[in-house]
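**Student:** Could you build all of it, start to finish, from the sequences and the hints given here?
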Amino acid sequence: MKQYLLLLLIVMSSTIQAQDQYTLKNLAINDKLSQYGVVYVKDSIVFFSRYKVNSFGSVERNSGNQQIFTLYQGVMNQDGEITNAKEFVSSDRFVFNSSSAGFSKDGKYIYVTTNEKKRGDVYKYDDKTRNLRMELGEYVEGKGYMKFKPLPFCDERYSYAHPSVSPDGQYLYFTSNIPLAKGPTDIFRVKILGNNRYGDIENIGAHVNSPRKEMFPFITEGNVLYFSSDRNKGYGGLDLYRVEMKADGTFGDPVLMPKPINSEADDMCFELLPDGKSGFFSSNREGGKGEDDIYYFTKD
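Quick note on my numbering: the sequence shown kicks off at 17 and runs consecutively.
It cannot be assumed that every hint is accurate.
[To be verified] Below, simulated BS3-like cross-link-like pairs (lysine-lysine); rule was C-alpha separation at most 27 Å, straight line:
id: 1; residue 1: K198; residue 2: K163
id: 2; residue 1: K207; residue 2: K262
id: 3; residue 1: K68; residue 2: K102
id: 4; residue 1: K249; residue 2: K198
id: 5; residue 1: K165; residue 2: K207
No wet-lab data here; the hints were simulated from the structure.
In this text, all values refer to a predicted model and were calculated from it rather than measured experimentally.
**Tutor:** Now the structure itself:
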């Protein structure tokens, strides 16, 4: 009996040691405002979302007195800090919010979450019911990202957000509340056909999507999908999950990520860097500097 217990303890100890151990760092770029949604692009450029601030240091507001989110870009140094941050500037000015960007692997195309009404165009929707939509922009040498156009499958009656391009460039993953959703928001994907053409919208399945909210998809080179959900049996608020894609393109069962990646607060926007051992996520957990903070992590 003693030998059996000793063997059991050895096995349990080995299992515990085999688990990933995470070290977190609250980035220096965080302040009392909201920063979230880091996306790594080629040449160590990162994009993230935060409130739009004017030259007086005050947060800008729209005609409805709502604070405006916009994209910022910077450079990541070897310690994971984001430096030289500046507001993302395009020839197409978004009137309301713009956030949660996704990029093609070569950085030529940007997918951005925004509101339907933008730059005085023909879209005239009710300001009180501004749904989210996704737009595609193209990088033009010397001019930056421009020529933005709404994705053709975005229906003004619903919201489409949090775009993420698969590493092979074949699929665009996103969050939406269209009727195909099983919960308030589900994760979907469409096949990218080129020239702003896409295949049919596909719900990625009940293994991933629950009767609760699923948001902020990100898929790795190894076909592992990370996302946030407020489903039951989590730590609280939005929690981060990982799930492996099978060879046939379907997904297995999601696994709740451990602490300290998760907390009792909202944890979201997971981004694994190319080294596979470090990355970013966002959280409004206790001890942060502002509404939402960006955390850099390394794992053993």
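**Student:** Decide, hint by hint, whether the structure agrees.
**Tutor:** How the hints compare with the structure:
1. K198 <-> K163: With Cα atoms ~34 Å apart, K198 and K163 exceed 27 Å; violated.
2. K207 <-> K262: holds (17 Å)
3. K68 <-> K102: holds (11 Å)
4. K249 <-> K198: holds (18 Å)
5. K165 <-> K207: holds (18 Å)
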